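Residue numbers (our numbering), protein chains in the order written: chain A, 224 to 497; chain B, 32 to 317.
Quick caveat, the hints were computed from the structure, so don't treat them as lab data. Since no wrong hints were added, every one of them can be taken at face value.
Quick list of in silico lysine-lysine cross-link-like pairs, DSS-like style, CA-CA up to 30 Å:
| id | chain 1 | residue 1 | chain 2 | residue 2 |
| --- | --- | --- | --- | --- |
| 1 | B | K312 | B | K258 |
| 2 | A | K369 | A | K349 |
| 3 | A | K362 | A | K349 |
| 4 | A | K349 | B | K312 |
| 5 | A | K369 | B | K312 |
Chain A regions said to be covered by chain B (calculated; three or more residues, Cβ under 8 Å):
| id | stretch |
| --- | --- |
| 6 | 306-320 |
| 7 | 336-343 |
| 8 | 386-396 |
Quick caveat: nothing in here was measured; it's all calculated off a predicted structure. Here a beta-carbon is modelled for each residue, glycine too, at the ideal position from N, C-alpha and C.
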Amino acid sequence: MTDNLPAVSLHGVGKSWGPVVAFENVSFDVPRGQVVALLGPSGAGKSTLLRCINRLEGISAGRVYAYGELIGYRETETALHELADAQVSLQRRQIGMVFQHFNLFRHMTALENVMSGPRIVLGLPKAEARIRAEALLAKVGLTARKDAYPAQLSGGQQQRVAIARALAMEPRVLLLDEPTSALDPELVQEVVATIRALAEDGQTMMIATHDMAIARDVADRVIFMEGGAVVEDSAPAAFFTSPRSDRARQFLARLLKDGQAAPPQSPAQQDARS
Amino acid sequence: MSVAGPAAPVLAAAALPIVAQRRWGGWVVGGIVVAFVAAIVWGGIRSRILDLTIIGEYLFHPAIVAGALNALILGTLALGISSVIGLISALMRLSGNPILSGLSAVYVYLFRGTPMLIQLVFWFNAVPTMFPTITISLPFLPGPLFETPTTVVVTPFLAALAGLSLAEGAYMSEIMRAGIMAIDNGQRSAATALGMTQRQVFTHVVAPQAGRIIVPACGNQYIMLLKSTSLASTIGYPEMLRVVTDIYSSNFRVVELLTVAAIWYLALTALATVIQTGLEKRFPPR
Ligand SMILES: Nc1ncnc2c1ncn2[C@@H]1O[C@H](COP(=O)(O)OP(=O)(O)OP(=O)(O)O)[C@@H](O)[C@H]1O
Ligand SMILES: [Mg+2]
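One chain only, chain B, in its complex shape:
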């Protein structure tokens, strides 16, 4: 028996079932978290902080839908403008010209280094104080062609758009710079050697590949921008947070209305995610 002992397990090995390693720690932590969240939600419903019928009532309230739409418009326009600003700034930074590169670095430092909220308030309040009137005049003409108080031009919408676009442009500049630098010099040399001009190298070789690389980061920034439109509530732009605040300050259903706003922000985020995924699929594989 003792002689045959060692051989037996080897022969039986093929027939034995495989037992996966159990990671008990993860399951225990997960269970505790789920119980904790359930207790909070249950507590909220029991103490009537959260009334689901009120949420249903306000979810498609015209003012709130309009607020969500405004957030979408503002966030999307800001993404477009900041992409253009970011591309220009990134190209300046990589141009090799010390003045252009320095200007770009200073821009990124200033606009990335100060809170977005301060920048929004600055565009809305400080600029009209600094420049009370906007005047457009042509040389050799006696009077101004166009003159108007700055406050008429700088609406809450424009101030918010300028603030978000310029602040976001600084982040976009760094994202695009990273994307452009990720393309190896070998491909640039090969394109140049074929006879492409530097502009052609950029548009046909660098940009398509850099574009693919920066899509996830841009998706991230789009989502952040959509949520950052809530900052515009402070300068009186009727986006979602502003609308919701106005409603709950009269009916005091704070939690429900904030939940409604959160649901809309989640819907916008889902939209941005769908667009990002679509773009990632559209670019050819590498």
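Looking at chain A on its own, in the form it has when it is part of the complex:
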């Protein structure tokens, strides 16, 4: 029954800290299996929006649904009652998250990091969690490094472990907040390749990014935010070739000037695809 419900549905969602507004009145649906790239200049509210979806941040207005389930509240006829920590953590199990700075648990090996969700949250037996974690590390190409601690891994390797850790919970939506922004240019490729493989597997994803290769080649849809509002919502090809709004045009022009993205595709980006 939940199959035809959107994976994520935002209804007039807003977030502010006192006078500081991160975003206001954001509404859109993300269907199952879609890969959404969230673009926008620094401070547009992309990270905050993602953190509101799995309720790492409480929202100030509106409603967030994941597969039809209201996140963070229980709704009665008269009010929205905030859910207790135990109930929100149950809801978070189906929403994975990958962070800009990887945020691996530094006292655990790569394997233990990937096992942590199944072991601690789902209470799976150790052997079972281990099989699941080893399969995921193989998928992101890190079997050889499974006993390394985060401090012993490169940035790209850490981010792949972090992706495997999120996938170990078998999330129905994966939120990625600038997954490649903290990486050296030559390490970006390996992480982009991992994300592309997930997209091909049909993983529903929302990716806040400044990496135009992800937006253009991996995403099915681009949502462009600026100043706390959704300015443009279109297919990647349309967004990059004929942006409708002036702000999106300015944003792309700035990127072109900085040499970050250059439609048509450069050879380096075609390499990244293979």
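Starting from the structure of chain A, add chain B with the ligands where the hints point.
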């Protein structure tokens, strides 16, 4: 000759020995200090202040060994209790609840801000005066279930244990708070996003890493506690300083007996250091 001059040193450079920089200042100061200490020790032995045979005689005197053991028991129990108090107080302080956080701050201020000695004397003398009897009664029962003079319950041992634990708990509270705050919010977010409850985030992610950070500071506090047990001599608990004082007040071998006590305190400190080093190795690397 004058033309070839500049080139010669460059060619010879590879073959020349390297002369390490000499830090003469350190050696001179070190030498003066060693000579000074030797003069004091030699002076002590020559004027018979320090008789090594007496030290040997009393080092394993049963009363003194018992005193050392009492110091070890008191210090170790106080460390255990103060760790629990410190953890609770630190969690209260970080809870975000203004009442809990305020209570914790006041506790730390009071117990860290007054001398331990005063606190020990307070528990032993002032509390029995304030509450002369301890009564436990149940509702709907005519008489008290249990009644006893407070002085019977508040023995020197209990008063010392309460005093040391509560005073030390205030320091532990700050040590643990610092350890907990040292874990970055990114890891907490990641754990929360996986679906861990706040309790699970603490026990599986924050505590193991904070534990590693606070071990050296706790080792420090353990050593301080072991030595602070000597304060209990003032309320009549037979720990080492008390025993030693009793002995030298009859035989007047003050220096030897204080040296014996010092040797035992050093032995206890060595034990604490070994435990600390062991714990540091046990926690996984970061
Ligand atoms: N904890 C906070 N308290 C107050 N204001 C905040 C907080 N977190 C974010 N903001 C503000 O919210 C706005 C949106 O921030 P956000 O991090 O979501 O932007 P972003 O689009 O992710 O930017 P970037 O591309 O630089 O990551 C900014 O103006 C920021 O200053
Ligand atoms: Mg951001």
